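Chains A and B supply the protein sequences, listed in that same order.
For the first sequence, my numbering assigns the number 1 to the initial residue and increments by one for each residue that follows.
For the second sequence, my numbering assigns the number 1001 to the initial residue and increments by one for each residue that follows.
By construction, these hints were calculated from the structure, which means they are not laboratory data.
All values reported here derive from a predicted model rather than from experimental measurement.
Among the clues, some could well be false.
Claimed, not checked - With beta-carbon atoms standing in for the labels, derived distance ranges:
{"no.": "1", "chain 1": "B", "residue 1": "H1298", "chain 2": "A", "residue 2": "P150", "range": "46 to 54 Å"}
{"no.": "2", "chain 1": "B", "residue 1": "I1148", "chain 2": "A", "residue 2": "K216", "range": "46 to 54 Å"}
{"no.": "3", "chain 1": "A", "residue 1": "A122", "chain 2": "B", "residue 2": "G1051", "range": "50 to 58 Å"}
{"no.": "4", "chain 1": "A", "residue 1": "N93", "chain 2": "B", "residue 2": "R1101", "range": "30 to 38 Å"}
{"no.": "5", "chain 1": "A", "residue 1": "Q205", "chain 2": "B", "residue 2": "I1148", "range": "26 to 34 Å"}
{"no.": "6", "chain 1": "B", "residue 1": "G1047", "chain 2": "A", "residue 2": "K216", "range": "16 to 24 Å"}
{"no.": "7", "chain 1": "A", "residue 1": "K166", "chain 2": "B", "residue 2": "Y1305", "range": "43 to 51 Å"}
{"no.": "8", "chain 1": "A", "residue 1": "S103", "chain 2": "B", "residue 2": "M1001", "range": "22 to 30 Å"}
{"no.": "9", "chain 1": "B", "residue 1": "H1222", "chain 2": "A", "residue 2": "K83", "range": "51 to 59 Å"}
{"no.": "10", "chain 1": "A", "residue 1": "K104", "chain 2": "B", "residue 2": "V1284", "range": "16 to 24 Å"}
{"no.": "11", "chain 1": "B", "residue 1": "E1288", "chain 2": "A", "residue 2": "Q154", "range": "13 to 21 Å"}
{"no.": "12", "chain 1": "A", "residue 1": "K216", "chain 2": "B", "residue 2": "E1067", "range": "40 to 48 Å"}
{"no.": "13", "chain 1": "B", "residue 1": "D1153", "chain 2": "A", "residue 2": "I47", "range": "25 to 33 Å"}
{"no.": "14", "chain 1": "B", "residue 1": "G1051", "chain 2": "A", "residue 2": "P185", "range": "52 to 60 Å"}
Unchecked claim - In silico DSSO-like links for lysine-lysine, alpha-carbon gap of 27 Å or less:
{"no.": "15", "chain 1": "A", "residue 1": "K8", "chain 2": "B", "residue 2": "K1171"}
{"no.": "16", "chain 1": "B", "residue 1": "K1295", "chain 2": "B", "residue 2": "K1283"}
{"no.": "17", "chain 1": "B", "residue 1": "K1120", "chain 2": "A", "residue 2": "K201"}
{"no.": "18", "chain 1": "B", "residue 1": "K1198", "chain 2": "B", "residue 2": "K1171"}
{"no.": "19", "chain 1": "A", "residue 1": "K8", "chain 2": "B", "residue 2": "K1283"}
{"no.": "20", "chain 1": "A", "residue 1": "K8", "chain 2": "B", "residue 2": "K1217"}
{"no.": "21", "chain 1": "B", "residue 1": "K1199", "chain 2": "B", "residue 2": "K1219"}
Here a beta-carbon is modelled for each residue, glycine too, at the ideal position from N, C-alpha and C.
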Amino acid sequence: MNIYPQIKPIADIGLLIEFGQSIDISIHAQILAMDQAMQAASILGVIEMIPSYASLYVGYDPLTIIYEDLVLSLEVLISEIQKKQIKIQGEKNHWRIPVCYESKFSPDLEELADKLDLSTDAIVTSHSSAIYTVYMYGFAPGYAYLGGLPSKIQIPRKSIPIMGVKPKSVMVAGQQSLITTVTMPSGWWVIGKSGINPLNKGLEQPFMFGVGDTIKFEPVKECEFVRFVQG
Amino acid sequence: MAHFEIDHAGPLITIQDKGRTGFMRFGVTPSGPMDRVAYLAAHHALGADLGAAIEISMGGLSISCQEGQVSACITGGDFKITLDGEILPSWSIFTLRQGSRLQVQAGKWGSWCYLVFAGKMIVPTWLDSASTHVGSDLCGTPLSVGNIITVEDCYLPNLMAGQVFDPKLFKPQSQIRIVLGPQDHFFTSQSVQDLQNKKFILTKDFNRQGVRLNGPKLKIIHALDMPSEPVGRGSLQVPGHGDPICLLADHQTTGGYPKIATVISADQDKLSQMRSGDKIFFKVVSVEAAIVAAKIAHEVEHSFYHIIKDSQKSLEEKLWNSNLVSGIVSDINS
Chain A
1 MNIYPQIKPI ADIGLLIEFG QSIDISIHAQ ILAMDQAMQA ASILGVIEMI
51 PSYASLYVGY DPLTIIYEDL VLSLEVLISE IQKKQIKIQG EKNHWRIPVC
101 YESKFSPDLE ELADKLDLST DAIVTSHSSA IYTVYMYGFA PGYAYLGGLP
151 SKIQIPRKSI PIMGVKPKSV MVAGQQSLIT TVTMPSGWWV IGKSGINPLN
201 KGLEQPFMFG VGDTIKFEPV KECEFVRFVQ G
Chain B
1001 MAHFEIDHAG PLITIQDKGR TGFMRFGVTP SGPMDRVAYL AAHHALGADL
1051 GAAIEISMGG LSISCQEGQV SACITGGDFK ITLDGEILPS WSIFTLRQGS
1101 RLQVQAGKWG SWCYLVFAGK MIVPTWLDSA STHVGSDLCG TPLSVGNIIT
1151 VEDCYLPNLM AGQVFDPKLF KPQSQIRIVL GPQDHFFTSQ SVQDLQNKKF
1201 ILTKDFNRQG VRLNGPKLKI IHALDMPSEP VGRGSLQVPG HGDPICLLAD
1251 HQTTGGYPKI ATVISADQDK LSQMRSGDKI FFKVVSVEAA IVAAKIAHEV
1301 EHSFYHIIKD SQKSLEEKLW NSNLVSGIVS DINS
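Generate coordinates for the entire structure from the input sequences, incorporating the hints supplied.
Here you go:
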């Protein structure tokens, strides 16, 4: 029996629509479809939606909308998206991100190679040949969680986080990869540096990736990288 | 225009306004005041448009006026306010002039208070908000000694200087209401019982992001692997150590720890005003009761702002109004 989707209240501030309990592209597709259906419906009193791996968060204003009415509207939308073949509307972008994996920018690559019993080249080849999907944002502003990390380079995060990991660090942990945007502590493994910060504070739309976009990392040499970054 | 220099600043003193709503889907926490009611109260007392305030922690703040003159109001908790050596009651309106020195120190209770100027503070903004997000440094950093604060469009409102409201009404009670979930079923039934029946104490791990509580350890039934999901303000997330962490204004937008319950919005700011060492008893309520509480809190706050807006009213009238509000508050808390 399929028990999903399930609507779970979060006090009087929001609710979670759970579509499953695992990281799975077909579960995620339903979340994107629901997010888009809600954007189109623009229900009065809904403050925001937050897509994540297996659930969609809906924040609402209890002074504007009656909870039971909100749940009814959501149930209608859920049955609508389930009737249709799930097809994500609108453009999803594909991004090619230059990454320098050279030792100067990859403080954890050697240790990771030891732990995984692979060469550093094999890790770089594996990391840069996969196609990643933006599953969600979290942790810090502009931190896009990328699913699609090849299983042979998956490893749990470090037991102790490292303070002050710099912006544009390309990291891996568990089933995910990520490009940092601001200086933050992190327990993920830093294996390279991106030529681009996906958060550009000065822009009106400061976040480069949309949830559902795809990404490929393109290895570049340090000399090209410097030119790229300066140009 | 008025300029102030910071002579002393404790930790975690930041610029806060209404916050940054609607960007959690990009990992951006809403930030904003730890005590939203007090923040709004200062603006209403001055008749000022909603704008940036200085959120002062128990570490205290001391500023001196280099140039100009402007009225200001401090609200929130029961802090000790000293202006040019004279002690003012908390929740006061006063005027700062060239050479004035204002000191704010932790008082009888409360963890945060708000300094609002009758004018416009010049501060950086990002995504339509001036709120500092501690950690990311995307919109300013906590204030420190030597920083200069500039206030434009200063005015001296035609108001009585002095106390705008007796803060006793807002002193937090130990009872905090929660709604169970969304992952209460991951916890042992003993832990769900303990959460409602046992005492919890606020620890020193307390900042704008959240506060760790200490009490009976909350245990999950079996190890779980749950994908990160969005988290809201008030969430009681429980990492492996078994102590619940209540997420506050600068909370992360997502998390992978199970959440046993969520503090209802009407009680979140009260919890934020408690101090390390204070005790909490959680009371489980339904979603429906939480929504009713939000509506009542909104009504009470609305009439409260109305009362303090008119600081020119006679003391007798203000006392009468404050009794009226106390009456409503004790009704809902009973």
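Each hint, compared with the structure:
no., hint, in the structure
1, H1298(B) <-> P150(A): 46 to 54 Å, "holds (51 Å)"
2, I1148(B) <-> K216(A): 46 to 54 Å, "holds (47 Å)"
3, A122(A) <-> G1051(B): 50 to 58 Å, "holds (56 Å)"
4, N93(A) <-> R1101(B): 30 to 38 Å, "violated (55 Å)"
5, Q205(A) <-> I1148(B): 26 to 34 Å, "holds (32 Å)"
6, G1047(B) <-> K216(A): 16 to 24 Å, "violated (56 Å)"
7, K166(A) <-> Y1305(B): 43 to 51 Å, "holds (45 Å)"
8, S103(A) <-> M1001(B): 22 to 30 Å, "violated (53 Å)"
9, H1222(B) <-> K83(A): 51 to 59 Å, "violated (36 Å)"
10, K104(A) <-> V1284(B): 16 to 24 Å, "violated (54 Å)"
11, E1288(B) <-> Q154(A): 13 to 21 Å, "violated (44 Å)"
12, K216(A) <-> E1067(B): 40 to 48 Å, "violated (56 Å)"
13, D1153(B) <-> I47(A): 25 to 33 Å, "holds (31 Å)"
14, G1051(B) <-> P185(A): 52 to 60 Å, "violated (32 Å)"
15, K8(A) <-> K1171(B), "violated (32 Å)"
16, K1295(B) <-> K1283(B), "holds (18 Å)"
17, K1120(B) <-> K201(A), "holds (24 Å)"
18, K1198(B) <-> K1171(B), "holds (22 Å)"
19, K8(A) <-> K1283(B), "holds (19 Å)"
20, K8(A) <-> K1217(B), "holds (25 Å)"
21, K1199(B) <-> K1219(B), "holds (16 Å)"
In terms of the numbered hints stated before, the structure departs from hints 4, 6, 8, 9, 10, 11, 12, 14, 15, listed from lowest to highest.
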